[in-house]
Amino acid sequence: MSAELVLFIVVAAVAIFAAALMLISRNAVHSALFLVINLLCVAFFYLMLNAPFLAMVQITVYAGAIMVLFMFVIMLLGAEKLGGGSTHYGWIPTASVILTTIFLIVAFVVVTQSGIGSLKPAPQTPEVRFVHAVDGMPAVDVYLNDQKMAEHLVFEEGTPLNKVRTGDYNLLVFAACPEGESECPDPLTSGAAPLMAAPFKVEPESTVTYVLAGTPTALRLISSPTDLSTLDSEGSWRLTVVNAMPDTGSLQFLQLHRSDPANPTVIVPALAYGEVSEVVVLPDGTYDFEFAQAGTRVAVIDALRIPRKTHQYLILGPEQVVMANGSIEVRPKAFAVAPVLKTIESFGGPQNVGKELLTTYLLGFEMVALLLLATMVGAIILAREEVVHRVRKRLVVSPVVKRMNQSITANAAAIQGEPTNTPAE
Amino acid sequence: MQPPTVPVENFIILSAVLFIMGILGVLVRRNAIMIFMSVELMLNASNLALVAFARQWGDMGGQMTVFFVISIAAAEVAVGLALIVAIFKTKKTIDIDELNTLKG
Numbered sequence: 001m002s003a004e005l006v007l008f009i010v011v012a013a014v015a016i017f018a019a020a021l022m023l024i025s026r027n028a029v030h031s032a033l034f035l036v037i038n039l040l041c042v043a044f045f046y047l048m049l050n051a052p053f054l055a056m057v058q059i060t061v062y063a064g065a066i067m068v069l070f071m072f073v074i075m076l077l078g079a080e081k082l083g084g085g086s087t088h089y090g091w092i093p094t095a096s097v098i099l100t101t102i103f104l105i106v107a108f109v110v111v112t113q114s115g116i117g118s119l120k121p122a123p124q125t126p127e128v129r130f131v132h133a134v135d136g137m138p139a140v141d142v143y144l145n146d147q148k149m150a151e152h153l154v155f156e157e158g159t160p161l162n163k164v165r166t167g168d169y170n171l172l173v174f175a176a177c178p179e180g181e182s183e184c185p186d187p188l189t190s191g192a193a194p195l196m197a198a199p200f201k202v203e204p205e206s207t208v209t210y211v212l213a214g215t216p217t218a219l220r221l222i223s224s225p226t227d228l229s230t231l232d233s234e235g236s237w238r239l240t241v242v243n244a245m246p247d248t249g250s251l252q253f254l255q256l257h258r259s260d261p262a263n264p265t266v267i268v269p270a271l272a273y274g275e276v277s278e279v280v281v282l283p284d285g286t287y288d289f290e291f292a293q294a295g296t297r298v299a300v301i302d303a304l305r306i307p308r309k310t311h312q313y314l315i316l317g318p319e320q321v322v323m324a325n326g327s328i329e330v331r332p333k334a335f336a337v338a339p340v341l342k343t344i345e346s347f348g349g350p351q352n353v354g355k356e357l358l359t360t361y362l363l364g365f366e367m368v369a370l371l372l373l374a375t376m377v378g379a380i381i382l383a384r385e386e387v388v389h390r391v392r393k394r395l396v397v398s399p400v401v402k403r404m405n406q407s408i409t410a411n412a413a414a415i416q417g418e419p420t421n422t423p424a425e
Numbered sequence: 426m427q428p429p430t431v432p433v434e435n436f437i438i439l440s441a442v443l444f445i446m447g448i449l450g451v452l453v454r455r456n457a458i459m460i461f462m463s464v465e466l467m468l469n470a471s472n473l474a475l476v477a478f479a480r481q482w483g484d485m486g487g488q489m490t491v492f493f494v495i496s497i498a499a500a501e502v503a504v505g506l507a508l509i510v511a512i513f514k515t516k517k518t519i520d521i522d523e524l525n526t527l528k529g
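Keeping their order, the protein sequence lines are chains D and E.
FYI, the working numbering numbers position 67 of the first sequence as 67, with every residue one higher than the one before it.
FYI, the working numbering numbers position 83 of the second sequence as 508, with every residue one higher than the one before it.
Hints are not guaranteed to be accurate.
Footprint (simulated), chain E over chain D, 3 or more residues, beta carbon under 8 Å [claimed, not checked]:
id, segment
1, 198-208
2, 213-219
Listed below are several chain D residues computed to face chain E (Cβ distance under 8 Å; list not exhaustive) [claimed, not checked]:
id, residue
3, Leu47
4, Pro121
5, Thr125
6, Gln351
7, Asn352
Calculated directly from the structure, the hints in this document are not laboratory data.
Every residue gets a Cβ at the ideal spot worked out from N, C-alpha and C, and that includes glycine.
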């Protein structure tokens, strides 16, 4: 029996005991306090079930605000000891105990026999993403069958994640519409020659980043799994290093330290062309990285700052540099891919709840806000009606005003020569 | 997400037990405030079941429903208690056996 199960049983016993005491105690104040204990136990269960935000809402709203309201009304009415005396419905307690026992047995059988614990969540849709890492090649459009995955993808950039169905596809890479031209024929129907065509397989429940590498005439695709699951530590990020520089041997990937330049940390010991490193988790901070081959520096990234809770790709790719004499030289260049992929928020955390509230459940959220407004008005009216009556009865008019009114009516009577009668009489 | 350490059935059965205690409170007690508190107990039991299922399916839908239930319960308590106070002012009692004006 695990510690968590023991904890569950203890807290569940406290919750049931508190509920029972709430039901049988004669004093309403004691009942309210036992209900608070029960609500706190439920908040504890929310914590066990990955709902930390709801647990805090439960404690502040339920055990705090609502119970204060209850206590306030109990004290206001002096209703602690009400409810004694005889009743006309003496058969209700017996009948309700019998019926609820039957209900409990049925519920128990249903829950234990239905096997709800073995049900699995719905499988996640596979997602793919493409990164352009070939300099000297124009911007590209990427298609899976006739589905456009990337439009005008340029060097150093990647697409966001695209949801695709599991299955086999035909990958087609076309040169994108050149800058300045507004209309281009659809490459699929116009019969344009693709830059690359290859069979493509999407595995179930996978998230994969594909890096277009090689040279414009000989493209290849490097695949690398992307891990966007929640990180254990809030202030960290994931890193994958890809070598997309053709004709390089085995490279070392190092982290340089400003304070100690002589002793870099080796993050990836060996990475040949087309290889992808393991996913590395690094703490938040500013980093200097270096690709090195046999002790000589190949490429450097200085002062790289990556947002926390992301999965970042660092790619070593070829960059074409125009020399002074007009010739073009290809040099290795290390770059971080934009846009950065954010890892998913921890389940049930405040960020996750906030995101859900303002996207999927925005309508419900607004409706609840309206409902609370209507409730506020309703409660005020319910409480106010009595007050209005009382104020009207006791309406006190200042003596000065009374005297003024009398003098006005007296003057009017004197002018018209009629007896003074107030309209109210 | 890892499967829960405590099986979800335990939470559902606990939620059923708490719900039934709430029903008993509503049926047996005659003090209107006690009935109100038992209704809160029932709402909490159903919330617990929803959160347990949300954990099992890895779906935020259950938790969002609980969020809405909590906010609506707050509204319900505010209006309900205002009604109880109003009834107490006119009838001088909140024993529901005495509140039989609507009885034919």
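- Closest C-beta approach of Thr125 of chain D to chain E relative to 8 Å, hint status: Cβ of Thr125 of chain D sits 14 Å from chain E, so the hint is violated.
- Verify the interface restraint on Pro121 of chain D: the C-beta must sit less than 8 Å from at least one C-beta of chain E. Holds: closest Cβ of chain E sits about 4 Å from Pro121 of chain D, inside 8 Å.
- Query: Hint check: is the beta carbon of Gln351 of chain D less than 8 Å from a beta carbon of chain E?
  - Reply: For Gln351 of chain D, the interface hint is violated, since the closest Cβ of chain E sits about 12 Å away, which is over 8 Å.
- Check of the segment 198-208 of chain D against chain E for coverage (Cβ-Cβ below 8 Å, three residues minimum): violated (count 0)
- Item | Restraint check, 8 Å cut-off on beta carbons, for Asn352 of chain D near chain E | holds (6 Å)
- Message: When I compare C-beta atoms, does the segment 213-219 of chain D have three or more residues closer than 8 Å to chain E?
- Response: violated (count 0)
- Item | Closest C-beta approach of Leu47 of chain D to chain E relative to 8 Å, hint status | violated (10 Å)
When the structure is compared with the earlier hints, violations turn up for hints 1, 2, 3, 5 and 6 and for no others.
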